[in-house]
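Asks: Quick note, the sequences are listed as chains A and B, same order.
Numbering of the first sequence is given in this note's numbering, commencing with residue 419 and proceeding in unit increments.
Numbering of the second sequence is given in this note's numbering, commencing with residue -11 and proceeding in unit increments.
Hints in this document: simulated from the structure, not taken from any laboratory.
Here the structure is a predicted model, which is why all the values come from computation and not from measurement.
Heads up, a few of these hints could be off.
As the list claims (entries may be wrong) - Heads up, simulated BS3-like pairs for lysine-lysine below, C-alpha to C-alpha not over 30 Å straight-line: (1) Lys76/B <-> Lys5/B; (2) Lys127/B <-> Lys511/A; (3) Lys27/B <-> Lys(-2)/B; (4) Lys76/B <-> Lys104/B; (5) Lys285/B <-> Lys511/A; (6) Lys127/B <-> Lys165/B; (7) Lys511/A <-> Lys165/B; (8) Lys285/B <-> Lys27/B; (9) Lys460/A <-> Lys511/A; (10) Lys76/B <-> Lys97/B; (11) Lys511/A <-> Lys29/B; (12) Lys428/A <-> Lys535/A; (13) Lys104/B <-> Lys18/B; (14) Lys76/B <-> Lys(-2)/B; (15) Lys511/A <-> Lys128/B.
Read off the chains here:
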Amino acid sequence: MKKESEWEPKLVGFLCKWCSYAGADLAGTSRKKYPANIGVIKVPCSGRVDSLFILKALRLGFDGVLVSGCHPGDCHYQTGNYRARRRIAITKKFLEYMGIEPQRIQASWVSASEGGKFAEVVTETTEKLKQTGPNQLFIEERQGDGAKATARG
Amino acid sequence: MEQRLRQEAKTLLEQGKVDYIIGFEQGSLKFTTAPLITKDKGDTDRLVINPFIVNNLSVYLTDIEGRVGIVAKGCDSRSIVSLIQDNKVNREEVVIIGIPCPGIIDLSKIEQLVGKDRDELDDITRDGNRVVVTVGSKKKDFPITEVLFDNCLGCEFPTPQEYDVLLGEPSTPVADKTVSRAKIETLEGMTQEQRWQFWEEEFSRCIRCYACRNICPACFCQRCFVEESEPQWILPIPQWQDNLIFQAIRNIHVAGRCTDCGECDRACPVNIPLRSLTKEMYDLVDELFHYKSGMDKDAPPLMTAYEAEEAEDFIR
């Protein structure tokens, strides 16, 4: 078992195909460095991301979720990111009320030309999650060792 | 008012304006009412209006084919409008018989105040802002704010927002916002860990009967995510983690449709305080997007609409 000091947060990123995924690609081709903590899932639009995806990721033991899409007004489907914004706004607030740390749910607008911003967002989010600590929300016995096994459903 | 309702219902059926009438009839237990769905004009004499007409009947609208005349209180009418907004109900096919609602009496609150079971009570009558409970020869009276349901105390629109016939004069809300939000405020005073702990304990009791979902007029999906198997979002076995996810997502999915009618809370057989979730969502939607469910049948549903600039502060 890893020691607490070695613990690294696991982050799942839902990136929209048109902007943020291309932005992540650009970060790679321009050799920007960012933490390898993020696992990326490509979605057709940030509006595709149901709140269920976020909770399912947390339930599977991921420490945080990043939803990233096109800047307002730039959505390939005109309004998808606006809808995502409403949904994530209530999800974040509502889950905070239920007792989930709001830092675990992050959102950003990253365009296809913002490779640098994507690297920054991932670095920052990973930092925030390191401060928040491991996700123990769905583990039966939450007290105790910080780097416990994940709660796989 | 009851006589007028029966008359209206009868006329609607006789003139062929509706195929069905949905209303309330006397329940089999004392002080209860049960939904009455009928095609027969003779049945309209069984329709009642009293301070115990608790159910939100709009849940039946999506199941019944044909034109329907429906008895609706303030919150029910908003549920109907919300269904119209979502294209689940056609405005032309429903005749809304509006009832200005004076607030519905919570029998369990009365039982607690009187210290007797509902079967032992002889009569409960409402007299303005007081409720008189008769047990044998004794009479006790209580202020109305002590005996109404929590959601009725938080009610802003007791008079239906959309109706074809309104029985009686518009009523004014019996607002006691502090009582209505009391449970939520206790939760908000807790730390994040304590709140999570609280919901873990509550949802450990959940038996996943889905009564909350089935009674909810806003939960109209033909296929709910909990029954999907590819991917299987949550296990069908009741364990608190999945129970909690089910309820959290249910609330997020009905955001902007929930009218705080409180039916899920009453339907729960293990008394999980579900209204502490629905009411919070109701207020959250209002705070973030200045949106109240079911107020305008021509407005787009909350989650399909947007403003160019709103709720941006958390996004990088």
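Asks: All hints, please: hold or fail.
Replies: Checked hints:
no. : hint                  : result
1   : Lys76/B <-> Lys5/B    : holds (20 Å)
2   : Lys127/B <-> Lys511/A : violated (47 Å)
3   : Lys27/B <-> Lys(-2)/B : holds (10 Å)
4   : Lys76/B <-> Lys104/B  : violated (43 Å)
5   : Lys285/B <-> Lys511/A : holds (27 Å)
6   : Lys127/B <-> Lys165/B : holds (28 Å)
7   : Lys511/A <-> Lys165/B : holds (21 Å)
8   : Lys285/B <-> Lys27/B  : holds (27 Å)
9   : Lys460/A <-> Lys511/A : holds (25 Å)
10  : Lys76/B <-> Lys97/B   : violated (35 Å)
11  : Lys511/A <-> Lys29/B  : violated (49 Å)
12  : Lys428/A <-> Lys535/A : holds (20 Å)
13  : Lys104/B <-> Lys18/B  : holds (13 Å)
14  : Lys76/B <-> Lys(-2)/B : holds (26 Å)
15  : Lys511/A <-> Lys128/B : violated (44 Å)
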